[in-house]
Each structure stands twice: as structure tokens, then as C-alpha cells.
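K.L.:
For reference, the chains in residue letters:
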Amino acid sequence: MKKNIKKEILTKIGKKEIRMKPKWVFKAEKEGIRGIWLLMILAGAVAVSMIYYFMEIYNPGQLLSDYGEIGKDLLLTDFPYLWLLGGVVFLGGGAILLTKIGDNYRKPIKKIILATAITVAGLTVAMILIRGLLKL
Amino acid sequence: MNDEEIVIEVQSGKKEKYGDIIGRYQGKLYGYLKNLTNQKEEEVEDLVEEVLVTAYINLQSFDSKKKFSSWIFRVAHNKAIDYFKKKKIKTIYIEDGEEIIGDKQKLLEEIEIEKEDFEKLNEAVEKLELKYREVILLYYFEDKSYEEISDILHIPTNNVGVMLYRGKEKLKKILNPPALRAPSLDKEGFKTISK
Numbered sequence: 000m001k002k003n004i005k006k007e008i009l010t011k012i013g014k015k016e017i018r019m020k021p022k023w024v025f026k027a028e029k030e031g032i033r034g035i036w037l038l039m040i041l042a043g044a045v046a047v048s049m050i051y052y053f054m055e056i057y058n059p060g061q062l063l064s065d066y067g068e069i070g071k072d073l074l075l076t077d078f079p080y081l082w083l084l085g086g087v088v089f090l091g092g093g094a095i096l097l098t099k100i101g102d103n104y105r106k107p108i109k110k111i112i113l114a115t116a117i118t119v120a121g122l123t124v125a126m127i128l129i130r131g132l133l134k135l
Numbered sequence: 000m001n002d003e004e005i006v007i008e009v010q011s012g013k014k015e016k017y018g019d020i021i022g023r024y025q026g027k028l029y030g031y032l033k034n035l036t037n038q039k040e041e042e043v044e045d046l047v048e049e050v051l052v053t054a055y056i057n058l059q060s061f062d063s064k065k066k067f068s069s070w071i072f073r074v075a076h077n078k079a080i081d082y083f084k085k086k087k088i089k090t091i092y093i094e095d096g097e098e099i100i101g102d103k104q105k106l107l108e109e110i111e112i113e114k115e116d117f118e119k120l121n122e123a124v125e126k127l128e129l130k131y132r133e134v135i136l137l138y139y140f141e142d143k144s145y146e147e148i149s150d151i152l153h154i155p156t157n158n159v160g161v162m163l164y165r166g167k168e169k170l171k172k173i174l175n176p177p178a179l180r181a182p183s184l185d186k187e188g189f190k191t192i193s194k
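Read top to bottom, the protein sequences are chains A and B. With numbering that gives the first Met the number 0, the residue at position 18 of the first sequence is 17, and numbering never jumps. With numbering that gives the first Met the number 0, the residue at position 12 of the second sequence is 11, and numbering never jumps.
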């Protein structure tokens, strides 16, 4: 090698031209990712519980048997597509973010998606149960 | 003293100890980046310097429970990707008489080509897509394990094996392209190629 890399870098370090970033910067970054992940998962759970809430109100089985085609049209018109889209986006985003937390990149993507789906499902059930309890 | 112990000392303020890390890694990083980018000596030296400076700046993010060599190779991998993007390099050409450093014997045996046919192998490795080339370089040239490659490239451990297999298959195809089928004459006397 032509360059004396060691000498050049040590000189720059000595002159404080290059400095180590403090540890808290990396900790904040790490916790930030975890925080965004948690928000995404919560948003995903809210979206799924909104769809559940819609199903509860409209009762598709009864609507279709009572009103046939008109019931089907009503269901398709009023369906909360935005919540569905939101749910998919938040679930996907949550799965992508989960691969960036810790050593999760080592795990297969199928496992990551499954873990995200289970977490969202768990949170959704919790939300539905809490809502049921509040109603009582 | 192992790498991780030295890094802990640097993290706790003994900055001059970073010289030991540079001493241990500049050669390894040079070999890896030279093989990966196949650029001129000066360019690779600049890249090695950039890697070592970036590693120093971000040293506090290193978790001493993990392997330092994987961490610094991850920094080198990121720098190489940035370099490719910056220079818009898609195809990499091999310089005449240049030899890839490292033990290639195992790879030669596995892809079933004649021993010591390193020149052919070098050219074939250079033709591989970056993702396969990197896995092959790390496994056969840098002696990294599946777990270490997974840590460097941030891909699932299972995928490392799959990519190695595919990389070797692609190497075989490059080295032994399928022969063209011989044309034959049909009833009217036209040349046809049998399927």
C-alpha cells in the first residue's frame, strides 16, 4: 500500500478532525425505531379492530340473507377500504421495521411477518375485549 | 488482546489504541474491497481509509458482545455499495495480470473446474451479480462463516447457503456455457435445430 492510512487517521483523531459520535445518539436511534414500530403495530391493530367493528354493526351474514343483492351492494359500498389499506400498510411497515431491530435480519421474512401478524392480532383482541368491558 | 477488548478500550477513551485496529484490519479490508470493486490501488486505499474513519466515528454503536470483524466488514459492505452507486458501476472489469487474493482451491473443486485455473475463475467471479459475488468472496476468500456473512450482509442465515449455492451454479454456467445444439437437415433440406 502506498498510503500510510494508520498515520493519517491517527493524526486526524489527534487533531480532533474526526470524532466518535456519542453513545446516546445510537441509543436514541435504536429506541426511535422501536417506538415507530410500536406505533405502527398499534395503528395496524386499530385498523383491524375498525374492520371488526364494521362487521359487528353490519352483520354481513344476516344482511346478505335478508336483503340479497341490495345487502351485498350496501356492504361493498360502506366497507371501510381505507382501514383495510391502512391495516395492510401498517402491518407491512411494522414487519419491515422489525427486521431492523436487533438481530432480526437473521430471521426469515416469513417468521417476521408471522410475528408481526400475531402481535397485531393480540393487540386487536385486547382492544375488542377492552371495548366490550367498557360497554358493560 | 482480542479485537473486542481493544475496541472497549477505544470506546472508553484510549483513542490511540485505534491504531491497533487499523493495523489488524487495513490489509483484510484492502483485500476484500479490491476483490469486490476491482478498482485501482489508490481508489481502494481511499475506500479502506473511508471505512476505517467511518468505523471510528460510529464505534460507540458497536456492541462488544458481538464479533468486531463482522461489524467492520458490514461498514466496508455499506461503503462499497455507496461507491457503486456514486460511480454508477454496473460491470466490473478485471485488470490484466491481476490476481484475486485468497484461497480459491476449495471453490475450484466445488465448481468442478480444473485446478489452478485461477484466471478463468477470477473472470467468472467478476461477471457475477454483486449479491452473489459478495457471498462467494466472504465465504471462500475471507473465510467467514454463515453467521458472520449474515451479520455482514444483514440477510437471514438460511439465505446465505441459498445464495452460495446459486452463486456457484452461476459460476459453473459462466465457466461452462451450454453448448449450442447441432443443426440437422429436415425433409426439405432446411437446417433445423432440434429441441
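No lab work stands behind these hints, which were simulated from the structure alone. Treat the hints with care, since some could be wrong.
[Unchecked claim] In silico BS3-like pairs for lysine-lysine, Cα to Cα no more than 25 Å straight-line: (1) Lys14/B to Lys86/B; (2) Lys16/B to Lys2/A; (3) Lys20/A to Lys66/B; (4) Lys16/B to Lys5/A; (5) Lys64/B to Lys1/A; (6) Lys99/A to Lys13/B; (7) Lys5/A to Lys13/B; (8) Lys26/A to Lys33/B; (9) Lys22/A to Lys14/B; (10) Lys15/A to Lys14/B; (11) Lys85/B to Lys26/A; (12) Lys15/A to Lys33/B; (13) Lys6/A to Lys64/B; (14) Lys169/B to Lys5/A; (15) Lys33/B to Lys22/A; (16) Lys14/B to Lys14/A; (17) Lys33/B to Lys5/A; (18) Lys33/B to Lys1/A; (19) Lys26/A to Lys39/B; (20) Lys33/B to Lys29/A; (21) Lys1/A to Lys85/B.
K.L.:
Are the hints correct? Go through all of them and say.
P.N.:
How the hints compare with the structure:
In summary, the hint linking Lys14/B to Lys86/B is not supported, as the alpha carbons are separated by about 33 Å, beyond the 25 Å threshold. About 20 Å separates the Cα atoms of Lys16/B and Lys2/A, which keeps this hinted pair within 25 Å; it holds. The hinted pair formed by Lys20/A and Lys66/B meets the criterion: a straight-line CA distance of about 20 Å does not exceed 25 Å. For the hint linking Lys16/B to Lys5/A, the alpha-carbon distance of about 11 Å falls within 25 Å, and the restraint holds.
Pair hint Lys64/B plus Lys1/A does not hold up; C-alpha atoms about 35 Å apart against a cutoff of 25 Å. For the suggested pair Lys99/A and Lys13/B, the alpha carbons sit about 31 Å apart, so the restraint of at most 25 Å is broken. Proposed proximity of Lys5/A and Lys13/B is supported: the alpha carbons are some 16 Å apart, at most 25 Å. A threshold of 25 Å between alpha carbons decides the hint, and for Lys26/A with Lys33/B the separation of about 33 Å lies outside it, so the pair is violated.
Restraint check for Lys22/A and Lys14/B: satisfied, since their Cα atoms lie roughly 15 Å apart, inside the 25 Å limit. Distance restraint check for Lys15/A and Lys14/B: the Cα-Cα separation of roughly 11 Å lies within the 25 Å cut-off, and the hinted pair is therefore satisfied. For the hint pairing Lys85/B with Lys26/A, the CA-to-CA distance comes to about 29 Å; that exceeds 25 Å, so the pair is violated. Restraint check for Lys15/A and Lys33/B: not satisfied, since their Cα atoms lie roughly 29 Å apart, outside the 25 Å limit.
A hinted pair counts as satisfied when its Cα atoms are at most 25 Å apart, and Lys6/A with Lys64/B does not qualify at roughly 29 Å. Between Lys169/B and Lys5/A the alpha-carbon distance is near 39 Å, which puts this suggested pair outside the 25 Å criterion. Straight-line distance between C-alpha atoms of Lys33/B and Lys22/A comes to about 32 Å, which puts the hinted pair past the 25 Å bound. Distance check on the hinted pair: Lys14/B and Lys14/A sit about 12 Å apart at the alpha-carbon level, within 25 Å; holds.
Restraint check for Lys33/B and Lys5/A: satisfied, since their Cα atoms lie roughly 18 Å apart, inside the 25 Å limit. Between Lys33/B and Lys1/A the alpha-carbon distance is near 14 Å, which keeps this suggested pair within the 25 Å criterion. For the proposed pair Lys26/A and Lys39/B, the alpha carbon gap of about 38 Å is over 25 Å, so the pair is violated. For a cut-off of 25 Å, the pair hint linking Lys33/B to Lys29/A is broken: about 32 Å separates their Cα positions.
Our distance criterion of 25 Å between C-alpha atoms is met by Lys1/A and Lys85/B, whose separation comes to about 24 Å.
In summary, the structure is inconsistent with hints 1, 5, 6, 8, 11, 12, 13, 14, 15, 19, 20 from the numbered list given earlier, while agreeing with the others.
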